[in-house]
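Undergrad: For reference, the chains in residue letters:
Number of protein chains: 2
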Amino acid sequence: MPVTVVGSIAFDAIKTPFGERERILGGAATHFSLAASFFTDVRVVGPVGDDFGEEEYAVLHGRGVNTEDIEHVEGGKTFFWAGEYEYDFNTAKTLDTQLNVFGDFQPKLSEGSTSAELLFLANIQPDLQREVREQCTGAQIAGLDSMNYWIQSARDSLVRTIGMVDILFLNDAELRMLTEEPNLVRATRKVMDMGPRVIVAKQGEYGAALFTGDGFFALPAFPLETVVDPTGAGDSFAGGFLGYLDSAGRSLDDGTLRRAMTYGSTLASFWVEEFGSERGQRLTREEIDERYEKFRSITTIESVPTA
Amino acid sequence: MPVTVVGSIAFDAIKTPFGERERILGGAATHFSLAASFFTDVRVVGPVGDDFGEEEYAVLHGRGVNTEDIEHVEGGKTFFWAGEYEYDFNTAKTLDTQLNVFGDFQPKLSEGSTSAELLFLANIQPDLQREVREQCTGAQIAGLDSMNYWIQSARDSLVRTIGMVDILFLNDAELRMLTEEPNLVRATRKVMDMGPRVIVAKQGEYGAALFTGDGFFALPAFPLETVVDPTGAGDSFAGGFLGYLDSAGRSLDDGTLRRAMTYGSTLASFWVEEFGSERGQRLTREEIDERYEKFRSITTIESVPTA
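Line order of the protein sequences matches chains B and F. Taking our numbering, the leading residue of the first sequence gets 5, the next gets one more, and so forth. Taking our numbering, the leading residue of the second sequence gets 5, the next gets one more, and so forth.
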């Protein structure tokens, strides 16, 4: 304890077939922090502008997130993203991206953040992720997220960054793109050769798969009748995963990782039920543990009765 | 006992990134029969031409499949399909389809076949499927497969046929297309309102999900480093599923259905390792049961240790 997360803090405008929001609190670091806060202490690192005020801080503080390393850039504006989803929730159509204060972001972490035992590098430019990893000398375990954009535009830097982390979160298409290997099992093996001991292949509505040295585990997504907005699903997954992992002593044994997968999927399943982090903001640990048990029951296979 | 399957018996020409076969035994009923034969007695019903000879019968007889109701059409040619897969194994590109003897197929089932307790209607024209369902008065349980082509070209007939079966096998895109409902949970509920008590949503490389009245179960695909040819995956899945179900007394309780799902996925996982049914032809029950246990181990979630 605690967990440090570095990444975007944002305002989002989101439109889906189920409604829209013109301006809600978003950003990878925000979603991660709120999700992880159900399991452990969280410190969030990232820049915001003058438009980021009491109301936004209150959401984070309401979940006990430490915001000491949120950097307020005087005269700046907070990162803004506008996106739209159609019925295929797997891909967002970006309508507008305004980097604003994020454009000149140089992470400066306080000692409280650099000494955290667990670090999550949310999806930002891989050079910045590496810089943060180097600063965080206390981190026994580092997790990383990235995206197709960096695979295409900054591959070498991303590969170096991947070499410095323990747990990589990517979706399966990105793992294939990164390795130019269509078979997912082979692709993850190639990525493990780059450094990470654990690969989480996110598969959207199909759930997620976990690859370790010689281990494999897969979990479906929780069956939901209503998916309103997938924004933040990946980051809330990572938050539930790494938050639980930290609370369980950061052991990377099989049983702990499987439970982390299940908590990650549980958090993501709540996240997509409403816009942005709205569901997460009024979630309880009891609801989480109840859904965790449902996950167990919908995936249990009995052995074959002997005749 | 036994299980009757009605559907195509074919010769296939298949090309994938891993090689090709110019002419191998194929067809939905063939793949189903071979897979189901590991669990129960199977009777296969369908037409063949003069080109279907000793060698092909030997494959079926080698697995104990009863071929009494294979209808030999004098002077005819067996159904032929040529297809190609690229690295995305989810969709085949059809290069050639020659219906041949299948064009005039009118199912005539012997009493041995109509009295079978379990019936599988493989993917053929839904009017024919209904005719077979009506003939098979002994069938306590009927399973059905279909495809996007019939949803588009014969929707009303297909819906009537769906109303006469107990277990429906479709891929998730087809379930959405059939119901015009993008959410899979809602789509399966709509399909259950048409009649079936059990819906199996096939999801290709992501596995399969099982929907019953108020139950849900999902299983990933077995992680394979080498997928050579997906032809027959769906039919070998149905064969493993229904073959096991028959051997287990055709109970549709949750535990039995989950085991059926696991056996279905197990058979499909072997099937795709080689071209057509080549792997299935030299498969053993021991290998099947071993992989079944691996499936259990890669999906098991432990409960959270209490503090």
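It is worth saying that the hints were derived from the structure and are not from the lab. Keep in mind it's a predicted model, so treat the numbers as computed, not measured. Be careful, since some hints might not be right.
Heads up, the list lumps identical chains together, so a pair's fine if it works in one copy or across two of them.
When the alpha-carbon atoms are kept at most 20 Å apart in a straight line, the in silico EDC-like pairs for lysine to aspartate or glutamate are as follows [said to hold, decoys possible]:
id, residue 1, residue 2
1, 298, 229
2, 298, 59
3, 81, 131
4, 194, 229
5, 97, 59
6, 298, 257
7, 112, 278
8, 298, 92
9, 298, 138
10, 194, 26
Undergrad: Next, verify each hint and record whether it holds.
TA: Cross-check of the supplied hints:
no.: 1; hint: 298 / 229; verdict: within (15 Å within a copy, 31 Å between copies)
no.: 2; hint: 298 / 59; verdict: neither (34 Å within a copy, 50 Å between copies)
no.: 3; hint: 81 / 131; verdict: neither (23 Å within a copy, 64 Å between copies)
no.: 4; hint: 194 / 229; verdict: between (37 Å within a copy, 12 Å between copies)
no.: 5; hint: 97 / 59; verdict: neither (28 Å within a copy, 54 Å between copies)
no.: 6; hint: 298 / 257; verdict: between (23 Å within a copy, 18 Å between copies)
no.: 7; hint: 112 / 278; verdict: neither (33 Å within a copy, 54 Å between copies)
no.: 8; hint: 298 / 92; verdict: neither (26 Å within a copy, 33 Å between copies)
no.: 9; hint: 298 / 138; verdict: neither (40 Å within a copy, 40 Å between copies)
no.: 10; hint: 194 / 26; verdict: neither (41 Å within a copy, 33 Å between copies)
Going down the numbered hints, you'll see the structure goes against 2, 3, 5, 7, 8, 9, 10, while the others check out.
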